[in-house]
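Just need the whole structure built from these sequences, with the hints factored in.
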Amino acid sequence: MLDRILPSNTLLELVDELGRSRRIVGPVRRDDRYFYQPVDRAAALDLRFNYCVYGPKAVLFPPHDTLFTFEKERGRFVTRAVYDDRPTALVGVHPCDMHAILLLDHVFANGHRDEHYLRRRANTFILGVDCPKPCTEGVFCRDMTANDAAEGFDLMSYPLSCEDAVDVERYGVIFGTDAGRELVLSVQSGAAPATTDEEAFDRYLAGKRQAFPPMIPYEVDTLPGLLNRSYDSLLWEATARRCYSCGSCNLSCPTCYCFNTYDEVDVTLTRGERRREWDGCQLRGFAEVAGGHNFRAKAASRLRHRIYRKAKWIREREGLAGCVGCARCDRACTAKINSVEIYRQLAEEA
Amino acid sequence: MAVLLQPTLRRGDSLFEPEPAEIVGHRKLTALENLYTFRFVNGAVLGHSPGQFVQAGRAGLN
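Protein chains in written order, with the numbering used here: chain E, -3 to 346; chain R, 2 to 63.
Hint data in this document are derived by calculation from the structure and do not stem from the laboratory. There may be inaccurate statements among the hints.
[As the list claims (entries may be wrong)] What the simulated footprint calls covered on chain E by chain R, stretch by stretch (three residues with Cβ under 8 Å from a Cβ of chain R suffice, anywhere in the stretch; the number is not a length):
hint	stretch
1	59 to 67
2	110 to 123
3	257 to 267
[Stated by the list, open to error] Beta-carbon label-pair distances, calculated as ranges:
hint	chain 1	residue 1	chain 2	residue 2	range
4	E	R25	R	E20	45 to 51 Å
5	E	L230	R	T38	47 to 53 Å
6	E	V74	R	S50	27 to 33 Å
7	E	L230	R	R59	25 to 31 Å
Using N, Cα and C, we set each Cβ at its ideal position, and we do this for glycine too.
See below:
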């Protein structure tokens, strides 16, 4: 059920309202592609974007992040943690990326709590935008059960077409949190949904179910079992022959959360900072340990590791989607390695 | 499954802030390997499990 109906200009007014106390980050068009980037007004955003090249992970878990500073004082190094507490509004998150954020939330909150991520996340208001149809060719979010989002956002908006004027959009909105509800009610605009709005929403959801055809010929819950039987498949070696080990799949993936740490030191060698940066399991040196041993030296073992991690281990261990079917990895791959093709071929072999 | 170190070692909220330690012993094992013995400055005990990795580093050399 919808909580509110908003004209599209009111949705943008909400974003500007958020901008009074938060930095706004959302989809901005650059040439023919979209990127999440900071803007100073809602009008700079394009909420009809297809997809952003990088997911919203880059906002919550930046590619480079300072963890702490260190400085030599009276012969000892003193450290001070660094946090990014800026209030942020992340606007235009699609359901698949919402699922990716839920995974990051889970991973960084459990076991070793990562306050650097969690503080940034706690200060981030998320305004989602639902997808009435696949955002581009090749996505398999439906197969990964990630083309609908039910939680994680403060507000989720559904672009319902206005029946009496096709070129004007209105949004059905669902409140995810009290903060989302208070924001909508604060602008005192829009309306409570009428019966006709709920009927329009039902039609929207029915149309959406039709618009996302299955891309993989089996249910996602069978993937772990399928991969169990495929560890020694020749497919890994055959496919990985094309892999350049460039790591583009990792860098574009909204659920990859591996990172490395390194120090930046000033010229006096008395102060510096420890930073982390994204790492990727497809890079040749990722699994190299002291002494030079690399326990995934072959591209085939790295490819298998990535697919197992996305479709089996994370799903089994966390109960969440390790892959959300956004197909960013497939689009980013310079060798045109395609994960849907891998899943299909594994099914044929099994 | 990750095993958490003793909470007493956690000085602040950040998981990454290291606890100062001193090198109290060193022995060369092989041409490649050295055995260093560390002791926390505050006297804390690590309490780690067999097989558990512990990252040691010197600021600026990580």
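Are there hints from earlier that the structure breaks, and if so, what are their numbers? Number 7 - this is the single hint that the structure violates.
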